[in-house]
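Q: Could you put the whole structure together from the sequences, leaning on the hints where they help?
So the chains spell out like this:
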Amino acid sequence: MNAGSATTPKLGVQAATKVYHTASGDLLALDRCSVDVHANEIVSIVGPSGCGKTTLLWSMSGLHRLTSGGVRLDGKEITGPHPDIGIVFQEANLLPWRNLDANIHFPFEIKGEKPDRAWIAHLINRVGLDGFGGKFPRELSGGMQQRAAIVRALALKPSVLLMDEPFGALDSFTREEMNRLVEEIWLDTKTTIVFITHSIEEAIFLSDRVVVLSARPGRVAKEYRVPFARPRSLEIMATKEVFDLTNKIKMDIVGERTRPKAPDRPTAEIVRIRP
Amino acid sequence: MSGGDAIPEFSKKAGDGHDVSLTNLSAFASGPGIKSGKEVAAIIAVAVVIIGGIELALRLFHVPLYIMPPPSSIAYALFDEFPLIAPHLGYTLVELMSGFTIGAIIGLVLAAVITQFPFAEKIVAPYILILVTTPMLALVPLLILRFGFGYTPRIIAVALAAGPMVMINAATGFRRVDSAKIALARSYGASTLQIFWKIRAPMALPMILVGLMIGAIFGLLTAVGAEMVGGGFGLGNRLTTYSSMIQMPQFFAVVLILSTLGILIYVLFFLIGKKWASWEA
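In order, the protein sequences belong to chains X and P. Residues in the first sequence are numbered from 1 upward in steps of one, following my numbering. Residues in the second sequence are numbered from 1 upward in steps of one, following my numbering.
Mixed in with the good hints, there may be bad ones.
Said to hold, decoys possible - Pairs of lysine-lysine residues, derived as PhoX-like cross-links and limited to a Cα-Cα distance of at most 25 angstroms, are as follows:
id : chain 1 : residue 1 : chain 2 : residue 2
1  : P       : K274      : X       : K114
2  : X       : K135      : X       : K76
3  : X       : K76       : X       : K190
4  : X       : K190      : X       : K240
5  : X       : K111      : P       : K181
6  : X       : K222      : X       : K250
7  : X       : K135      : P       : K38
8  : X       : K114      : X       : K157
9  : X       : K135      : X       : K114
10 : X       : K157      : P       : K275
11 : X       : K114      : P       : K38
12 : X       : K111      : X       : K135
13 : X       : K250      : X       : K240
14 : P       : K181      : P       : K274
15 : X       : K135      : P       : K275
16 : P       : K274      : P       : K38
17 : X       : K157      : X       : K135
Calculated from the structure, these hints are not laboratory results.
A: As structure tokens, this is what we get:
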């Protein structure tokens, strides 16, 4: 791992273009979108809905094939799912027929590896799920489910963690709690994180950089540095700097939403996954 | 997922044609649950009132035995004739179990394979619909002509009746693709086979169990029907024999055994569902 090298980003997206072929014609989701994420950085990606945020993240994960352009991890092109990249999906995405322990062991099972019990126990303790291993997902709140999903994503010690609107379905208090948890985990592991969100506050609280995507087709419209020291407190979130930054980003997104669109169909973002 | 559009319609038709309530997954949520002592007492009381009422009415109005035997005479016949009926119960169970096992295995394998190829599925769908909707009993005379009066035609008929039921429900289960869960498995580099066993199969399990339950019940119907058509053994044969000899208490004793069998099948799959597919409810 050549972490920290200023020239090679940890995860680099170069001129990513993605066209979805749908029944109602082609849909350009991403148009030469380039994002560099450096080692140990937390980068949030925000943008108007349907701008291709999720497409971008899934392309970074190797689950989506780009129409053109590429994704490089530590300078090496990735062509499919990579063991060094962990994903936290929308709405936890736990397997309902497995209890939490079995869900967390799932990655090891697929890899045919022995679970790293000490590491898992540490993670479970970190997210506050001690004693819940025998519970099934339906028996847990959304926040608890997402905690388990974070443990699962970190179980194989990835150096990059991709989070796809992980807390979008949670209430705002739980969401704040989860944001603090992500920060704690980051302070603990310094895992590079790419975070997709609808919430500008969440993006600012968590990120070193906030990337604003344009309306579809998605390109990088703006980029902001968030200079506050960590751990960040709720007091910082109440300062004028944060307030101004929030407004700037909000105006960018609103501006993008009302910008005349490229002539394609104004449908929702379509994500198609090959099984 | 693309390619599934021919199928929901197809499974809906089959559902309408047969057992709508059983295809409902809530069958695992409701149904025979644990009951309190009070409920048990009430159930027994109702049974006593109904059975006693029938007994009383039949005796009061001097209904002849050959029209409707009173419950007490059925109970006595069941007790008295059981040693004679028992071997026939055994034959029927052999037919049911072997036919069901063959049909279920073929149905499951076909469902798993065919749902992997949406195009093939569309082509095969109408033929499966024919298999599901044709009463396989209709083929029994033909099967007897070809295979004689032994087990063979009956086992084939049971397999033909159960297989498509298992298949159509299992296929519905295998088609319930959750792309996020498959993406999760793929993100760890899962192979197609791993995705099948670790994601698709568990997701399909509740529907597979529903299919097995319906298939087993259809198998029982078909086994008894086939026994009534020809051959000298099996519970169906007992029904025709007793009715031709106007031995109504014995006839109803056999009916009672058959309904008990049906209930046992239901309870068996209900309990399996409760254990292995309760996450669905």
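Q: Now look at each hint and say whether the structure bears it out.
A: Evaluation of the provided hints:
no.: 1; hint: P:K274 x X:K114; in the structure: violated (31 angstroms)
no.: 2; hint: X:K135 x X:K76; in the structure: violated (40 angstroms)
no.: 3; hint: X:K76 x X:K190; in the structure: holds (21 angstroms)
no.: 4; hint: X:K190 x X:K240; in the structure: violated (28 angstroms)
no.: 5; hint: X:K111 x P:K181; in the structure: holds (16 angstroms)
no.: 6; hint: X:K222 x X:K250; in the structure: holds (12 angstroms)
no.: 7; hint: X:K135 x P:K38; in the structure: violated (32 angstroms)
no.: 8; hint: X:K114 x X:K157; in the structure: holds (14 angstroms)
no.: 9; hint: X:K135 x X:K114; in the structure: holds (22 angstroms)
no.: 10; hint: X:K157 x P:K275; in the structure: violated (34 angstroms)
no.: 11; hint: X:K114 x P:K38; in the structure: violated (51 angstroms)
no.: 12; hint: X:K111 x X:K135; in the structure: holds (24 angstroms)
no.: 13; hint: X:K250 x X:K240; in the structure: holds (15 angstroms)
no.: 14; hint: P:K181 x P:K274; in the structure: holds (23 angstroms)
no.: 15; hint: X:K135 x P:K275; in the structure: holds (15 angstroms)
no.: 16; hint: P:K274 x P:K38; in the structure: holds (23 angstroms)
no.: 17; hint: X:K157 x X:K135; in the structure: holds (24 angstroms)
Checked against the numbered hints listed earlier, the structure breaks hints 1, 2, 4, 7, 10, 11; every other hint is satisfied.
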